[in-house]
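Asks: If you want the building blocks of each chain, they are given just below.
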Amino acid sequence: MKKLFFPLLIATFILSGLSHYMHWGPITEFVISAIAIVFVAGFLGKATEAVAHYAGQRLGGFLNATFGNAAELIIAFFLIKEGMFDIVKASLTGSIIGNLLLVLGASALAGGLKFKEQKFNIHLAGQNASLMLLAVIALFIPAIFVKTEHIPEKDTLMLSLIVSGALILAYVGWLIYSMITHKDMLEDQEETQPAHGEEPAWSKGKAILYLVLATVMVGFVSEWLVHTLDTFTTKFGLSELFIGAFVVAIVGNAAEHSAAIMLARKNKMGAAVEIAVGSSLQIALFVAPVLVFVSMFFKDHMNLIFTTVELAAIGVAALIATSISRDGSTTWYEGKLLLIVYAILGVAFFFV
Amino acid sequence: MKKLFFPLLIATFILSGLSHYMHWGPITEFVISAIAIVFVAGFLGKATEAVAHYAGQRLGGFLNATFGNAAELIIAFFLIKEGMFDIVKASLTGSIIGNLLLVLGASALAGGLKFKEQKFNIHLAGQNASLMLLAVIALFIPAIFVKTEHIPEKDTLMLSLIVSGALILAYVGWLIYSMITHKDMLEDQEETQPAHGEEPAWSKGKAILYLVLATVMVGFVSEWLVHTLDTFTTKFGLSELFIGAFVVAIVGNAAEHSAAIMLARKNKMGAAVEIAVGSSLQIALFVAPVLVFVSMFFKDHMNLIFTTVELAAIGVAALIATSISRDGSTTWYEGKLLLIVYAILGVAFFFV
Amino acid sequence: MKKLFFPLLIATFILSGLSHYMHWGPITEFVISAIAIVFVAGFLGKATEAVAHYAGQRLGGFLNATFGNAAELIIAFFLIKEGMFDIVKASLTGSIIGNLLLVLGASALAGGLKFKEQKFNIHLAGQNASLMLLAVIALFIPAIFVKTEHIPEKDTLMLSLIVSGALILAYVGWLIYSMITHKDMLEDQEETQPAHGEEPAWSKGKAILYLVLATVMVGFVSEWLVHTLDTFTTKFGLSELFIGAFVVAIVGNAAEHSAAIMLARKNKMGAAVEIAVGSSLQIALFVAPVLVFVSMFFKDHMNLIFTTVELAAIGVAALIATSISRDGSTTWYEGKLLLIVYAILGVAFFFV
Chain A
1 MKKLFFPLLI ATFILSGLSH YMHWGPITEF VISAIAIVFV AGFLGKATEA
51 VAHYAGQRLG GFLNATFGNA AELIIAFFLI KEGMFDIVKA SLTGSIIGNL
101 LLVLGASALA GGLKFKEQKF NIHLAGQNAS LMLLAVIALF IPAIFVKTEH
151 IPEKDTLMLS LIVSGALILA YVGWLIYSMI THKDMLEDQE ETQPAHGEEP
201 AWSKGKAILY LVLATVMVGF VSEWLVHTLD TFTTKFGLSE LFIGAFVVAI
251 VGNAAEHSAA IMLARKNKMG AAVEIAVGSS LQIALFVAPV LVFVSMFFKD
301 HMNLIFTTVE LAAIGVAALI ATSISRDGST TWYEGKLLLI VYAILGVAFF
351 FV
Chain B
1 MKKLFFPLLI ATFILSGLSH YMHWGPITEF VISAIAIVFV AGFLGKATEA
51 VAHYAGQRLG GFLNATFGNA AELIIAFFLI KEGMFDIVKA SLTGSIIGNL
101 LLVLGASALA GGLKFKEQKF NIHLAGQNAS LMLLAVIALF IPAIFVKTEH
151 IPEKDTLMLS LIVSGALILA YVGWLIYSMI THKDMLEDQE ETQPAHGEEP
201 AWSKGKAILY LVLATVMVGF VSEWLVHTLD TFTTKFGLSE LFIGAFVVAI
251 VGNAAEHSAA IMLARKNKMG AAVEIAVGSS LQIALFVAPV LVFVSMFFKD
301 HMNLIFTTVE LAAIGVAALI ATSISRDGST TWYEGKLLLI VYAILGVAFF
351 FV
Chain C
1 MKKLFFPLLI ATFILSGLSH YMHWGPITEF VISAIAIVFV AGFLGKATEA
51 VAHYAGQRLG GFLNATFGNA AELIIAFFLI KEGMFDIVKA SLTGSIIGNL
101 LLVLGASALA GGLKFKEQKF NIHLAGQNAS LMLLAVIALF IPAIFVKTEH
151 IPEKDTLMLS LIVSGALILA YVGWLIYSMI THKDMLEDQE ETQPAHGEEP
201 AWSKGKAILY LVLATVMVGF VSEWLVHTLD TFTTKFGLSE LFIGAFVVAI
251 VGNAAEHSAA IMLARKNKMG AAVEIAVGSS LQIALFVAPV LVFVSMFFKD
301 HMNLIFTTVE LAAIGVAALI ATSISRDGST TWYEGKLLLI VYAILGVAFF
351 FV
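Protein chains in written order, with the UniProt record's numbering: chain A, 1 to 352; chain B, 1 to 352; chain C, 1 to 352.
Looking at chain A on its own, in the form it has when it is part of the complex:
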């Protein structure tokens, strides 16, 4: 697999470009660009990790944390450029619930079938739960206020900007807290070290070059993918909500999925949880608010008001993931529960 990565990366990237510029038809284009994005996102992930390695522990952790969802951020950027706010919000929703339910659930199930009980740092689990709650609150409060009190559009946008600012502040605080002031309290006892400690395959210069290259590639493929979505939804009659929340989100998070499951099978559940919960926290506390600010540079501005069903899905996913991970251990059955909730949400979104 490792040997084939680069050939496949380049092949799918070129094929995706060809299909886009030669108009092979929306479905073919969608399928090829969806496969390509998995590879370029994986490439971006590897390059980020390598650069992070050379940057030293602190700056490296920060790079990992902020570039971790770069693919989603770039896909969303092109969606915002096209004014497709509904799909943006649906895909943010999908990323959050996908990480909390599908990634965490599949990891706990895969790991739990091999090990009876998998433990991880209980302090981190508690902190994650509180942060997740903050994210849910920050998305719920403006929505409830706007929906029940009929706040005018201008004030809604201002409210969205302020709440977004508060979330980014919370995220920056979290980076300082978890990487500097309370680093020791939140670490697994040796478990997560190997995940970050591996010697990267590339030299420093190569790593930086690859990071730039990967970002550019993700940018191109994202734009090609986004262009197909419109026709794609009309052909299959699927709602934008379903496409955004399940198709775009699963494709955009494929790298996280495989990494977390592999770690769980090696009994490094702490690292798997960090990927799953950490990713969804990043999306809620960093990607979503940044996108609100980004949209200010375009003609149409995006607010932070999600639909009721999106909020319900996020709230429900946060609740059950928190309830299951709070005790600092998982079993196969808890993984299965998370997957069942994900399936229920998937079916419900499908019928909307």
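Misleading hints may appear alongside valid ones.
Identical copies go unnamed one by one, so any copy, or any two together, can satisfy a pair.
[As the list claims (entries may be wrong)] Simulated crosslink set (PhoX-like; lysine-lysine; CA at most 20 angstroms straight-line):
1) Lys266 to Lys235
2) Lys114 to Lys183
3) Lys119 to Lys154
4) Lys204 to Lys81
5) Lys183 to Lys116
6) Lys204 to Lys183
7) Lys204 to Lys114
8) Lys206 to Lys46
These are calculated hints, taken from the structure and not from any lab test.
Using the hints, position chains B and C against chain A.
Replies: Positioned in the frame of chain A, the structure of chains B and C alone reads:
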């Protein structure tokens, strides 16, 4: 009391039959059949336990788990046959909140007045909390989606069937998990053993015969009881919601109530919690979804969409019961809190 | 500061009276009476503590608990007399979220910047969480039932009275539980003792005299303050909700704020939590229901139905405060999180 059980069982059963066929008037019929159902449900419970004893630990546990709410299932069957879906859902709601608030609350209060603090397996409490949350989510999600997105009736039914299937899958997984793969982790340290270990009074053949007999008797009395509800509600002006959620639910769960309180007084709080929380989990994860499938055999089909007030009641009951039992111990005051929430819900349902 | 307290108390009280009777204009009157109420509320707090000291531990604890929010109770009394129910409910909401988010958050942040982790009794934290949940449930249930089922005004009032009675019952039970039957289980290991154990500066007779005097003074200043609110809101265009929830609530709880932060800086986080969480519990379980009963003596009766945004704010504050304090420890970042949620709510209320 033990000596009088069989005479009273037979007497109330015959009286209930007589009142039904001789039309003694709806109120008399209701009162007599309500008393009779307490006895036949108790008989069914005893017979199930005896058969479970002979069936061996695993199959026995399964029998206990699935026959535990047989009385409710049978009552609900006759209500569905009559198309009284509102009362079915109200009585399911009532069973869930009755077990979580009234049974658990009365047990914790009764036990807590004798013992300062009563402890039980903290692992089981955590698992119960997550399962309860799954049940709440599975009932909330379709309701929120249907209510805010105006999903057509046909899709609502399909969504209900799929969610019901997912719940039954979760329930079967739970049986495998708690009885086979993680049995040791979830057991009390000796506490619950005696409850199951007592030698049954009846031989194997007699036990099976009694199980069949009890099921038939519950069937008859349930039908007689259901027939009176209609006139009964119109006479007293009580809403179907109140009748279903409080009258039917209290009558149908009388056996659990007395068993749990008796166990709590003997400081076997773990077993009392298992009855209370286990029963409500069974109703939400097994009885309710099975009834949705059962209704497919009749002309009118029942979906899984509960009313807003029913969902609020279930959500609230699950939250407070979980918050109180999560630490693996109860005190008299926690019991009182649960009873106060039950009273508040009762009053609120009464005013609807 | 201590030496200046009495001169400032008397000066601000007299100034406030002068500004009221000589009509210095609503804004001047508001500012002066807002400053004066901070001092008279502080005076009332000191007098209560002194009388509690002489009354012995049990009666003293009770006095402290019930007089602790006397200032809010008196302000609310005058608002009810004027029929300003919306401001009353907004200020109750503001007191609850102010204590749970602002007081607790500022304490945890102030303490956390000095100490890495501050621990307190985990039993008490769990009990507080369950009680807070009861309070939230008791406010949510009538609101949900009334809003979805269109219950007539007369029944709404009856439901409010019954729920209020249930809450007062729960509060009295809590006093018995925490001060008599389970006192030992809920105490910090020595931490909170000094807070209550200090020798009061006044003799018994003086303390009682001061308690009466302080109550009278709070009464006067409250009335003067309430009189200015009307004009004040119209001048600045702020909603009654914002005025009640933030201005009145912050002014009315100033004493608690400073006390809790000082305790946290002395590493007595247990006592700080008790002030913050205890105060909000008192408001929800005692002050709010008592006000419903009090309103029965006036022409217009106040029910217990809060608006959707108020309920959302209370629910959200209770959830995050519970999530953060449940593990029996706080850090600076958890304090920051609470303050961020408070800021988000403040902005949202401002835009209503």
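Asks: All hints, please: hold or fail.
Replies: A quick look at each hint next to the structure:
no. : hint             : in the structure
1   : Lys266 to Lys235 : neither (42 angstroms within a copy, 66 angstroms between copies)
2   : Lys114 to Lys183 : between (30 angstroms within a copy, 17 angstroms between copies)
3   : Lys119 to Lys154 : neither (48 angstroms within a copy, 44 angstroms between copies)
4   : Lys204 to Lys81  : neither (34 angstroms within a copy, 73 angstroms between copies)
5   : Lys183 to Lys116 : between (29 angstroms within a copy, 11 angstroms between copies)
6   : Lys204 to Lys183 : neither (26 angstroms within a copy, 52 angstroms between copies)
7   : Lys204 to Lys114 : neither (37 angstroms within a copy, 40 angstroms between copies)
8   : Lys206 to Lys46  : within (12 angstroms within a copy, 69 angstroms between copies)
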